[in-house]
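Q: Given the sequences, and given the hints that come with them, work out the whole structure.
There are 2 protein chains.
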Amino acid sequence: MTDGTSRSAQRGRPGYDLDSLLHTAVKVFHERGYDGTSMEDLAKRLGITKSAIYYHVPSKQELLRLSVNRALDALFAVLDEPESGTGAAIDRLHHVVWRSVEVLVDELPFVTLLLRVRGNSKVERQALARRRELDHLVGELVAEAEHEGSLRLDVDPALTSRLLFGMVNSLIEWYRPRHGLTKNEIADAVTKIAFDGLRRPAT
Amino acid sequence: MTDGTSRSAQRGRPGYDLDSLLHTAVKVFHERGYDGTSMEDLAKRLGITKSAIYYHVPSKQELLRLSVNRALDALFAVLDEPESGTGAAIDRLHHVVWRSVEVLVDELPFVTLLLRVRGNSKVERQALARRRELDHLVGELVAEAEHEGSLRLDVDPALTSRLLFGMVNSLIEWYRPRHGLTKNEIADAVTKIAFDGLRRPAT
Numbered sequence: 647m648t649d650g651t652s653r654s655a656q657r658g659r660p661g662y663d664l665d666s667l668l669h670t671a672v673k674v675f676h677e678r679g680y681d682g683t684s685m686e687d688l689a690k691r692l693g694i695t696k697s698a699i700y701y702h703v704p705s706k707q708e709l710l711r712l713s714v715n716r717a718l719d720a721l722f723a724v725l726d727e728p729e730s731g732t733g734a735a736i737d738r739l740h741h742v743v744w745r746s747v748e749v750l751v752d753e754l755p756f757v758t759l760l761l762r763v764r765g766n767s768k769v770e771r772q773a774l775a776r777r778r779e780l781d782h783l784v785g786e787l788v789a790e791a792e793h794e795g796s797l798r799l800d801v802d803p804a805l806t807s808r809l810l811f812g813m814v815n816s817l818i819e820w821y822r823p824r825h826g827l828t829k830n831e832i833a834d835a836v837t838k839i840a841f842d843g844l845r846r847p848a849t
Numbered sequence: 647m648t649d650g651t652s653r654s655a656q657r658g659r660p661g662y663d664l665d666s667l668l669h670t671a672v673k674v675f676h677e678r679g680y681d682g683t684s685m686e687d688l689a690k691r692l693g694i695t696k697s698a699i700y701y702h703v704p705s706k707q708e709l710l711r712l713s714v715n716r717a718l719d720a721l722f723a724v725l726d727e728p729e730s731g732t733g734a735a736i737d738r739l740h741h742v743v744w745r746s747v748e749v750l751v752d753e754l755p756f757v758t759l760l761l762r763v764r765g766n767s768k769v770e771r772q773a774l775a776r777r778r779e780l781d782h783l784v785g786e787l788v789a790e791a792e793h794e795g796s797l798r799l800d801v802d803p804a805l806t807s808r809l810l811f812g813m814v815n816s817l818i819e820w821y822r823p824r825h826g827l828t829k830n831e832i833a834d835a836v837t838k839i840a841f842d843g844l845r846r847p848a849t
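Going down the list, the protein sequences come from chains A and B. Numbering of the first sequence is given in my numbering, commencing with residue 647 and proceeding in unit increments. Numbering of the second sequence is given in my numbering, commencing with residue 647 and proceeding in unit increments.
Keep in mind that a hint or two might mislead.
Just so you know, same-sequence chains aren't split out, so a pair can sit in one copy or run between any two.
Within a straight-line C-alpha distance of at most 25 Å, the following computed DMTMM-like cross-link-like pairs (lysine to aspartate or glutamate) qualify [what the hints assert, rightly or not]: (1) K768 <-> D842; (2) K838 <-> D737; (3) K829 <-> D802; (4) K829 <-> E792; (5) K690 <-> E831; (6) K829 <-> D800; (7) K829 <-> D726; (8) K696 <-> D663; (9) K829 <-> E819.
Note that these hints are calculated values from the structure, not bench results. No experiment lies behind these values; they were computed from the predicted model shown.
A: Have a look at this one:
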């Protein structure tokens with residue numbers, strides 16, 4: 647394309663804004679793998695020139711950084727919500743789990759990328775460090791719920807935390823928007839099973 | 647190495663048996679990615695010649711096929727155990743979940759490989775087909791438990807099945823043998839949380 651010099655480029659938007667660029671980049675990363683994707687591949691898929699991409703970001707690494715931080719920022723924001731900070735720890739935990747499911751559904755491709763990061767570069771290691779911080783904050787909340795006596799006593803709280811978010815994060819493996827399940831239905835199912843179990847209560 | 651003509655080679659075991667070969671191959675696949683691993687890489691890591699590998703398997707694809715089938719065979723075998731076939735469906739489901747956790751711990755690298763297969767080749771597509779068959783059988787068991795009235799009524803059984811095995815399969819992301827948790831402790835935690843919830847029962 648020769649849009650690099652078009653009117654929209656002159657206005658500062660060469661065909662794509664950063665948000666659409668990130669969405670397409672993450673899609674291509676999932677298809678070809680991050681390492682297997684070149685800026686050339688991205689330009690072809692977007693139907694724009696490489697320089698049009700470089701207008702927005704200096705490198706492929708920066709696309710990765712922006713993408714995983716989008717997921718991380720959304721997950722951290724959940725912990726800053728008022729309902730995550732006041733009330734019984736078990737209710738705050740319930741809120742964090744519910745809202746995390748919603749974030750996973752809303753930001754599915756970005757969270758998927760984040761959860762597949764293995765630490766092969768500085769950007770990936772920074773993402774892993776922020777993930778550990780997130781796990782730590784959630785772990786503290788689980789520990790608080792244990793101390794207030796809301797959690798069953800026969801399971802280790804650290805293990806509870808792993809399994810709880812193991813269930814939440816499994817969404818990236820099986821959830822597809824076309825399934826027709828709303829994020830509300832999934833958050834409801836996750837919290838019901840995790841907090842009260844799948845077994846029908848004795849009546 | 648020149649062991650290709652050593653006594654052990656003449657006896658038909660050129661340094662490695664198939665089991666050790668698979669363990670090392672899967673380890674290298676995890677480190678470098680399946681596509682990024684050549685038979686040359688494997689030979690170097692094993693400290694044997696490529697022809698010593700070809701003595702056991704005709705191709706890298708065959709190493710992948712044997713590895714994912716090892717995981718699949720172990721998981722299918724759980725469904726054939728007597729406890730998976732007799733008694734209340736909820737108890738059979740409990741047994742299948744407990745034993746699946748044990749299989750994941752015992753065969754961790756092989757199950758990890760299986761769960762990361764994306765369908766990029768015939769071998770991968772065959773593995774995905776067997777996984778779907780497994781999911782289908784487990785889904786039938788969950789449906790049976792629902793029909794006998796053992797499951798809570800306010801969560802869709804298909805979603806229950808996804809979340810239950812989402813929790814089980816999350817092991818590949820966080821479990822490391824060095825954590826010091828026994829497979830018994832993990833199976834106990836998974837079944838307690840999944841069946842009865844993490845909330846302390848009201849007394």
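Q: Indicate, hint by hint, whether the structure satisfies it.
A: Here is how each hint holds up against the structure:
1. K768 <-> D842: neither (40 Å within a copy, 42 Å between copies)
2. K838 <-> D737: both (13 Å within a copy, 20 Å between copies)
3. K829 <-> D802: between (29 Å within a copy, 14 Å between copies)
4. K829 <-> E792: Result: close only across copies, 23 Å inter versus 28 Å intra.
5. K690 <-> E831: neither (38 Å within a copy, 51 Å between copies)
6. K829 <-> D800: Between copies, since 16 Å is at most 25 Å while 31 Å is not.
7. K829 <-> D726: within (20 Å within a copy, 36 Å between copies)
8. K696 <-> D663: within (14 Å within a copy, 50 Å between copies)
9. K829 <-> E819: The answer is both: 15 Å in one copy and 24 Å across copies each meet 25 Å.
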